[in-house]
Amino acid sequence: MSKKEKNANKGTVLQDDIKLDIPEDEIWTYQIEGLAAPHINKPYKYYNLKKAIFVIVIIIAVSLSIYFSILALQNETFEYEQVDGGYKFTKFSNTGYLYELDIDYVSDIEYIPGNNNPATNFKVVKDESKPITAVRQFTLNCDDKIKTITIGAHVENVDPKAFYSCWALQNIEVDENNPNYCDVDGVLYNKDKTEILCYPCDHDEYLRQKYGYEAELYTNDITPEYERDIQTYVVPSTVTKLGEMCFNYANLRAIYLPEGLKTVETLAVFKLHEKLDQWGTTPSLHNIFTYKAKDVADTHFTSEDALGEVYLSLPEGLEFIGSDAFSFNQNLQYVFIPENVKDIGHHAFWDTCYKEGGDLKGVTVMNVAVSEEKFEELTVGDNWLPQYDYLLFKKNIDVNYSAERSEK
Amino acid sequence: MSEKMDKVVDTVKNFATEIKTHWNTPAEGKYVPYKEYKDVVIGVGANYTGTKTLEYIGFFSSCFLIMHHYKLPYLTFSVIGLLNMPLGYITALIWWYVCDNLGFLPKKQERKVYFVYGLMMLFGISTILFDYSRLFDQSGAFITMLNSFEGMNATACFKTFGTHFLYSGWVGARNIFWRKKLLPKYGRYKYSLYCDVIPKCVMVFLIGWLPVYNIPDVATRVWVANLLFATYNVFGFGNVLEECTKRISPNLQERILVRSYPVKISHIFNSILAIILPAIVGMLRHEWADINFYRFVIPITFTISAAFTMFLAGRIKERIPQPPIEKKVQIKFWDGMLGVLKNKYLLINTIVGLIDALGNGMLPFATILYFYTFRLSGLPYSLIVALISFAGTPPDLLSPYFLKRFSYKQIMIFYQLSRAIGNAIIAVAMWTLGDNLALCGTICIIVLFFMEMTKTVPTTAGHDMGVRINDYQMYLSGERLESFGGIFGWFTGPITTFIGLIIPIFLLKYGFNSNWEILFFDGSRRNIVVIPIIVDTIGFFLMTIPYLFWDYDNKKQNLVMEVLKRRAEVTEKKAEEEGKSTAGSYKG
Chain Y
1 MSKKEKNANK GTVLQDDIKL DIPEDEIWTY QIEGLAAPHI NKPYKYYNLK KAIFVIVIII
61 AVSLSIYFSI LALQNETFEY EQVDGGYKFT KFSNTGYLYE LDIDYVSDIE YIPGNNNPAT
121 NFKVVKDESK PITAVRQFTL NCDDKIKTIT IGAHVENVDP KAFYSCWALQ NIEVDENNPN
181 YCDVDGVLYN KDKTEILCYP CDHDEYLRQK YGYEAELYTN DITPEYERDI QTYVVPSTVT
241 KLGEMCFNYA NLRAIYLPEG LKTVETLAVF KLHEKLDQWG TTPSLHNIFT YKAKDVADTH
301 FTSEDALGEV YLSLPEGLEF IGSDAFSFNQ NLQYVFIPEN VKDIGHHAFW DTCYKEGGDL
361 KGVTVMNVAV SEEKFEELTV GDNWLPQYDY LLFKKNIDVN YSAERSEK
Chain X
1 MSEKMDKVVD TVKNFATEIK THWNTPAEGK YVPYKEYKDV VIGVGANYTG TKTLEYIGFF
61 SSCFLIMHHY KLPYLTFSVI GLLNMPLGYI TALIWWYVCD NLGFLPKKQE RKVYFVYGLM
121 MLFGISTILF DYSRLFDQSG AFITMLNSFE GMNATACFKT FGTHFLYSGW VGARNIFWRK
181 KLLPKYGRYK YSLYCDVIPK CVMVFLIGWL PVYNIPDVAT RVWVANLLFA TYNVFGFGNV
241 LEECTKRISP NLQERILVRS YPVKISHIFN SILAIILPAI VGMLRHEWAD INFYRFVIPI
301 TFTISAAFTM FLAGRIKERI PQPPIEKKVQ IKFWDGMLGV LKNKYLLINT IVGLIDALGN
361 GMLPFATILY FYTFRLSGLP YSLIVALISF AGTPPDLLSP YFLKRFSYKQ IMIFYQLSRA
421 IGNAIIAVAM WTLGDNLALC GTICIIVLFF MEMTKTVPTT AGHDMGVRIN DYQMYLSGER
481 LESFGGIFGW FTGPITTFIG LIIPIFLLKY GFNSNWEILF FDGSRRNIVV IPIIVDTIGF
541 FLMTIPYLFW DYDNKKQNLV MEVLKRRAEV TEKKAEEEGK STAGSYKG
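Line order of the protein sequences matches chains Y and X.
So the first sequence is numbered by the numbering used here: it starts at 1 and just counts up by one.
So the second sequence is numbered by the numbering used here: it starts at 1 and just counts up by one.
Please note: incorrect hints may appear among the correct ones.
Result set (EDC-like, lysine to aspartate or glutamate): computed pairs, CA atoms no more than 16 angstroms apart in a straight line [unchecked claim]: (1) Y/K374 with Y/D343; (2) Y/K42 with X/E479; (3) Y/K19 with X/E562; (4) Y/K191 with Y/D159; (5) X/K574 with Y/E24; (6) X/K556 with Y/D159; (7) Y/K275 with X/D290; (8) Y/K19 with X/E569; (9) X/K574 with Y/E33; (10) Y/K145 with X/D217; (11) X/K565 with Y/D159; (12) X/K38 with X/E18; (13) Y/K294 with Y/E319; (14) X/K574 with Y/D25; (15) X/K573 with Y/E24; (16) Y/K374 with Y/D305; (17) Y/K42 with X/D435; (18) X/K565 with Y/E319.
Facing chain X, a subset of chain Y residues (Cβ under 8 angstroms, in silico) [said to hold, decoys possible]: (19) Q137; (20) L276; (21) W279.
It should be emphasised that the hints constitute simulated quantities derived from the structure, not laboratory data.
All values derive from a computational prediction rather than experimental measurement.
C-beta: ideal position from N, C-alpha, C; glycine also.
In isolation and in its complexed conformation, chain Y is listed as follows:
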C-alpha cells in the first residue's frame, strides 16, 4: 500500500475522486456511512415534548447555576475555623456598615426585625465560650470600612498580612491582658515591642483627630507642624524588626528608626503616599532617620533632642533588607546601606528614582558603606538598585562604594 493510500484510509488527505451515485429522490435522506442521517423537511418525533424538555433544561440549568453561584459568592460576615485551644478568624466580609471590629470571640450578625435602616438594623453577637486565638492572613483583605480593630486577650497569633489593604483602618487596639501583642497608640506590635507588625493604612486620620487637624492636607498645603504631628513616626527603641508590609500605604514623610534595628522585612516600607490633590496621590516618604537614644517609647515626634544623636538613613545595626522593602517611594532622597547589612532582597529600592525634565530625582545614587569587593560577598537579589529611563531602556543608578554617610 502506497503512502498516499495509507493516508487516504486514515482520512488525512483530500481525495478528489470520490463520486457518490445518489438517486434523485434520496438527496435529502442519503446517509453517509459513519455519520448521522440527515433530517430535512420532515417533522421531528415528539416535537412538543422535545421543545418542553429544551425549555425545562434551560430553566433548570440557569436556576441551578444562579443558586450555586450565589451560594459560592455569598459571604458570611464572620468565618472561623476551629483550631487547638480556640478559633481561627479566617474571613471577614463587611455588612457595609461595620466600622469597628472586635477580634476576641466568635461573633455573628443578628438582624433587628422591623428596623429598615441598614446602618443600624443589626448587632454583633459574641459567643464568649468560643475565644479567637488566631487570625489568618488576608482575613480583612481590602476592607474599606473598618476603622478600629480591637484584638482580644486570647489571641495568640495574628498573621501580619491579616489587615492587608484595609484602607480605612485607623487604629488597632490590643487588650492589655494579651500576652502576645500590644499596641502603641493604635499601632500593632508584639508584646515585648521588638517587632512592629502593622501601622494602619489610615492611621493619619486618627492622628489628625488627635492633634486637631480638620482634614487631610494636600501636598502643597502641608505645614511643618502637620508634617511633624501626622507624617512623622518614631519607631520605639526596643524594636529590632520592621515586620512584613508593616508600613505599607501609610501617609508618612519621615520615619525615625532605632539604631538597634536589625531587620526590615519584605514590603515593610512599601509605597507610602499622601494626597496630591483631589484627583490623586503622590509618594510621601522623604527621609529615613536613625536615632541613638535607648529608652524611646513615645512614637510621636516632638523634636530630635529627645532621640539623642540622629543620622540620615538606615541604622548601623541593620543586617537584613527584604524584597521590595522600600519600593515605590520616589520622594525618598537619600539611602545609605550600612556595613552590617548581609542580605538585600530583590527590588528592595524599586522605583525610588525617576526622571523629570531630564533631571534624576529621588534616590539618584546608592551609598554603600563597604567596598565593592566586600559588597560582592553579600547576598543580593535581582534589581535591588533603583533604575531610571535611559534611551528608552532602564539603567541602574550609580553605586557609591566605601561611602561616608552624609550629614543631615
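Based on the hints, put chain X in the right spot on chain Y.
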C-alpha cells in the same frame, strides 16, 4: 548580468506603468483601482489601530485603569456577570423576534419592539435614579444576601441590574434605528462607524477624565463604573473596514490580492504603535499606573486613528452583489434549535469549551510575569511582547503543510497537550525557582514563546474545522444554521459561570482582591499564579478526551461535499424544469 539587470528594470518600469495607468480606473476584469489599495492600507490600518487602542479600556480586572485606579474587587466582576446572565436570555429572545421578522420590521412590529426597548431603558434609568433596594425588608434574607456579595451591596446590585436593562434597551433600539437609516447608504459593515465614532471619542475622553475612581465607597464605585463602561460600550468601533475588504471585489483573485498585501501591510501601523505606546508609558512617572495614560495617550491615539478611519471609510467599497442580510431566509426557531443539537461535532466542541472554563477567572499570567516578576516597562516590554507575538508567524506560513499532513484530531490533541506541558513547566519553574527571577523568568519566556509557536496552526485548523462543521450541518439539516450554533452557549453559559468562580474564590483566599500589588509579595504571587495554572493544566489534559471521539476526517468531508453537490445539481435541474430562477445556486 546586464541582461538580468535590464529585466529587473523592465519589470519595475512595467509595474510602475501598471500602477500609474490603473491608479484611478481598474484594469479590465478588475474592480479595485490602485488608489483604493492605498486607501485600504491607511484606512484599514487606522481602523485596526483604533480597535487595538480600545483594548486598553474595558470593564475587566486586568485593564490597567481598573487595576491601578478603580481597584475593584476581583469577585465583583463575577457577581456582575451573574446579575446580567438572566437578562442575557431575555434580550436574546427579543433579538430572535427581530430576526424572525427579517430585521427590517413592519411598522407595527417595529413600534412594539421600540416599546419593549423603551420600557427596558426606562426601568434602567429608574433604577439609577431611585434605590429599589429600599422597597425590601432591610433585615430580610434577600437584602442581606445582596449585601454579602464582594464589593457590592443591595443598592449597587439593583443599580447594576438596572444598568444592564438600560444598556440592552439602548443598544437594541439604536441598532434598529441606525441600521434602517444608514445601512442603505453606507453598506452593512461601515454604517456603524458613522453613528458611533463621535460618541465613542467623547466616551474615550470621559473614561480617562471622569474621576469616578475617586469615589471612596467601593459599592458605589462599582455601580457607577459599571454604568460608565456600559455607556462606553453602547457605541462600537469595530474593525469594520477590514470586513469590507473581504467583499471589495467580485473577482476572487483580486480579493485575495487585497487581503494578502494592502490589508497585511496595514497592520504594520498597529505593530509600530504596539512598540511606541509602551515606550511612551515607560516615560510617564508612574508608568502603567499613571492616569495620564488614560487622559492623554489613549484618547489622542484613538482620536487620530478614528479621524483617519472616517476620512478613508467612504473610499473603501463593498462590491459583491449580495442580497441584504435582512432578506436572508430564516429557518424556524425550533427546527434550528433541534437541528444543531443533532450535530455531534458541535457537541464535542461544546464539551471542550466547558472543560476550558476551568481556567476562567485566571489572572493573565503573561501580565503578571512582565509587570510583577520582571518589572518590565517601556521599550524592553514592547520588544519582549513583540518577540513572543512573532513566534507564531513562521509556523503560520507552514499551516497548509501541517493541515495536509495531520488530521484535525491529531492537531487539536497536540495543541491541548502542548498547553498542558507548557503550563506544567511554568508552574514548576514558578514554584521551585520563584526567588531566582532571572532563571525563572527566562524559562517562562521560552515556554511562552514555544506555546505561541504551537498555537497558530491549531487556530487555523480550528477555523477550517468550523467551516467543515457548518458543511456537515448543511448535510444534516439542509441549512448551515450558523446563528443557531449559539444555542449550545445557552446550556454551557450557566455551567461555565459557576465553574468560572472556582479560581476567583481561590485567589481571594490568597490575598488577591482589588489591590494587584499583593503580586509584589513573592509568597502570594506564587500561590496566586501557580495554583490556577495547575487547575488550567488539568483542564488542558482533560480537553484531549473529547477529541478522541472526533472522527470527522477528510474522507467524510469529501462525502458530505458530494452529497451537497448532488443536492444542488438535482434542485437546480428541477428548478430549470419548472421554469423557476436558479439565482444563488452553486454546484461546485
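Checked hints:
1. Y/K374 with Y/D343: holds (13 angstroms)
2. Y/K42 with X/E479: holds (14 angstroms)
3. Y/K19 with X/E562: This hinted pair holds, its Cα atoms lying about 7 angstroms apart.
4. Y/K191 with Y/D159: Satisfied, since the Cα-Cα distance of roughly 15 angstroms is no more than 16 angstroms.
5. X/K574 with Y/E24: Since the Cα atoms of X/K574 and Y/E24 sit roughly 10 angstroms apart, the hinted pair holds (cutoff 16 angstroms).
6. X/K556 with Y/D159: Since the Cα atoms of X/K556 and Y/D159 sit roughly 62 angstroms apart, the hinted pair is violated (cutoff 16 angstroms).
7. Y/K275 with X/D290: holds (15 angstroms)
8. Y/K19 with X/E569: holds (14 angstroms)
9. X/K574 with Y/E33: Since the Cα atoms of X/K574 and Y/E33 sit roughly 27 angstroms apart, the hinted pair is violated (cutoff 16 angstroms).
10. Y/K145 with X/D217: holds (8 angstroms)
11. X/K565 with Y/D159: violated (71 angstroms)
12. X/K38 with X/E18: Holds. X/K38 to X/E18 sits at ~15 angstroms (cutoff 16 angstroms).
13. Y/K294 with Y/E319: violated (19 angstroms)
14. X/K574 with Y/D25: holds (12 angstroms)
15. X/K573 with Y/E24: Measuring from Cα to Cα gives roughly 10 angstroms; hence the hint holds.
16. Y/K374 with Y/D305: violated (35 angstroms)
17. Y/K42 with X/D435: violated (66 angstroms)
18. X/K565 with Y/E319: Outside the cut-off at roughly 81 angstroms; violated.
19. Q137: With a minimum Cβ separation of about 7 angstroms from chain X (threshold 8 angstroms), the hint on Y/Q137 holds.
20. L276: violated (11 angstroms)
21. W279: Since chain X brings a Cβ to about 6 angstroms from Y/W279, closer than 8 angstroms, the hint holds.
Comparing the model with each numbered hint stated earlier shows that hints 6, 9, 11, 13, 16, 17, 18, 20 do not hold.
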